[in-house]
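A.B. asks: Take a look at the letters that make up each chain.
Protein chains: 2
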Amino acid sequence: MRIAVAGLGLIGGSLLRALDAAGHEVVGFDADPATRDAARAAGFPVAESLAEAASGSELTALGVPMPVLPQLITELAGYDGLVTDVTSVKGPVRDLVRAHGVGRFVGGHPMAGKETSGFAASEKDLFDGCAWVLCLEPGETDLGDWLTLARLFTGMGARVVPATADEHDAAVSKISHVPHLFASVLAAQISDDPLAGALGAGSFRDGTRVAATRPELTAAMCGGNRRSVQRELHRLIGLLEEMSGALDADDPGTALVPHLRLGAQARQAWPATPGEPATIPAAVPALLELGRSGGWVTSVGDGEVVALRPESGR
Amino acid sequence: MRIAVAGLGLIGGSLLRALDAAGHEVVGFDADPATRDAARAAGFPVAESLAEAASGSELTALGVPMPVLPQLITELAGYDGLVTDVTSVKGPVRDLVRAHGVGRFVGGHPMAGKETSGFAASEKDLFDGCAWVLCLEPGETDLGDWLTLARLFTGMGARVVPATADEHDAAVSKISHVPHLFASVLAAQISDDPLAGALGAGSFRDGTRVAATRPELTAAMCGGNRRSVQRELHRLIGLLEEMSGALDADDPGTALVPHLRLGAQARQAWPATPGEPATIPAAVPALLELGRSGGWVTSVGDGEVVALRPESGR
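These protein sequence lines are chains A and B, in that order. Just so you know, the working numbering puts 284 at position 304 of the first sequence, and the rest follows in order with no gaps. Just so you know, the working numbering puts 195 at position 215 of the second sequence, and the rest follows in order with no gaps.
FYI, nobody ran anything at the bench for these hints, they're computed from the structure. Nothing here was measured: the structure is a model prediction, and the numbers come from that model. Among these hints, one or two may not hold up.
From the structure, some residues in chain B lie toward chain A, with a derived Cβ separation under 7 Å [as the list claims (entries may be wrong)]:
hint	residue
1	Ser35
2	Ile155
3	Ser156
4	Pro174
5	Leu175
6	Leu197
7	Thr198
8	Ala199
9	Ile217
10	Gly218
11	Gly225
12	Leu242
13	Gly271
14	Thr278
15	Ser279
Where is the CB? At the ideal position from N, CA and C, for every residue including glycine.
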């Protein structure tokens, strides 16, 4: 099928390349003329407007950041193809789409990225093996549209994870947004302590890596998911305060141990080892249960999908 | 000179190998007979007791964890050589040595490690380029002894950082102990949320890596440095609460930005680029100032040392 990709930065550009490599007919668009030229120079057909790219495309993928999304959604009023996006927060996108009445929309979020950005950094293998959340809202998402995208993205090598927008947002606050805030305050510690900076080794290097992200990006990501981020932040602050309390014990080195066990077990067991592939019905409840159990779709068949889930999963 | 290394785990074993490779006469000892056999099989002379190893050695390096240190310090009563250690907390060691009246002691802490442990994991290059804190207490540490160790460890490729025990403990709470606690609560988040675990990517992987450390090791490390850890933990909890407050703003994505700048700048500037080598007096105030400015000793001369410090350092 013909697919339009609007927004050709790291994610959109990589999606254009990956879909092309998977044998699909693609057309790109970017608001920046220089980016359009770069994509053309790389051999891709590029339209001069979103309307031109979408026209005649069965699917339009929006590879733009959250702040730009409302405008593109508005421009797509009347478009009868399928629309998806790649932004890192899904509840606000769901609300946006509801408000604007986009005909056929399935929100997505590939858990891929790297330190660099822009079309020049894009690569066709960026999504190989990466988890790609596809939002599935009971009574709202069209299952056929969902399966179309699941087939497309598993065909590019992604692990497609079914989840509601709310489930997605709660999960990413834990594994991405709050980790960014933690990394930031840890990194700031050395700003007035050069001795500490000189002693920083592995635990500091890894624990602070994402603190170097542009503050505007981290703030937009956390700001778009603020209620989940706040809830998780307060829960973790409570756990850290319990740890601090344990350090007041007569034997702090013993008292602290139980507070560290859950994290050690969880991290040692991560990433989960998948069990054997299993076929499950291509139905909303079965798919959402798969996502909640830590599993994902590896391919889409006729009325069923092939799924993997953690070996010791529940 | 002849050097005894007592305790032949990852750090002690690596120290034995590194000193041997640097051309020193070494003798090892470990309380565990199997470890003694392993070190002998690797070609090293190994004594059957601490006393036998120390006897005739000008320096005895204690490569044992904190809980075992008091016993070895007691056994070394009457030893007239120089003694050093490698434990990760220095205030309690200083107090221990004061209480037992060890003749000549300079505490040390190489900022090196890896996931594996034991003599089998030891390697001669473990300390190459690593920061090695050597404690320098004004009016207490013998400068000649300090310089002897600084010459020895810089000769093995380490960056020797002068600091008081208190300065060391405050710094490592920031760059190691608190990061371990943060990693632990971040990792524990996925223990009852398989979906979050399936979505975890780079920021989760790096931000939680050290959570997999054995809880007893992390607890002993933090417990031995509890006042510094608690102080820093409370300071960072305060910053996280400010971030949560910023997320309540009308435009949370803008309000959060200033809270992320310090961390982003600090992490982007880390590790510091050293300036040109400079010669400074081998004197306590000059050495401590070097450490406080984020610098380190690269070689020891006659009455002076060669030092590097961050290019933009203060």
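A.B. asks: Each of the hints needs a verdict: does it hold here or not?
C.D. replies: Against the structure, the hints come out as follows:
Interface hint at Ser35(B): violated, since its Cβ lies 33 Å from the closest Cβ of chain A, which is beyond the 7 Å cut-off. Checking Ile155(B) against chain A: minimum C-beta separation of about 4 Å stays under 7 Å; hint holds. The beta carbon of Ser156(B) is positioned within 7 Å of a beta carbon in chain A (closest approach about 5 Å), and the interface hint is therefore held. The interface hint given for Pro174(B) is met, as the beta carbon of that residue sits about 3 Å from the closest beta carbon of chain A, less than 7 Å.
With 7 Å as the threshold, the beta carbon of Leu175(B) comes within range of chain A, its nearest partner Cβ sitting at about 5 Å, so the hint holds. Taking 7 Å as the C-beta contact cut-off toward chain A, the hint placing Leu197(B) at the interface is violated, the least distance being around 9 Å. Because the smallest distance between the Cβ of Thr198(B) and any Cβ of chain A comes to about 5 Å, under 7 Å, the interface hint for this residue holds. The restraint placing Ala199(B) at the interface with chain A holds, with a minimum CB-CB distance near 4 Å, inside the 7 Å limit.
Among the interface hints, the one on Ile217(B) holds; its C-beta lies about 5 Å from the nearest C-beta in chain A, closer than the 7 Å criterion. Interface restraint check for Gly218(B): the shortest CB-CB distance to chain A comes to about 9 Å, outside 7 Å, so the restraint is violated. With a least beta-carbon distance of about 9 Å to chain A, the hint placing Gly225(B) at the interface is violated under the 7 Å criterion. Interface hint status for Leu242(B): upheld, as the beta-carbon distance to the closest one in chain A is roughly 4 Å, under 7 Å.
Residue-level restraint check for Gly271(B) holds (minimum Cβ-Cβ distance to chain A is 6 Å; threshold 7 Å). Here the hint on Thr278(B) is broken, as its CB sits about 13 Å from the closest CB of chain A, past 7 Å. At a threshold of 7 Å, the smallest CB-CB gap from Ser279(B) to chain A is about 17 Å, leaving the interface hint violated.
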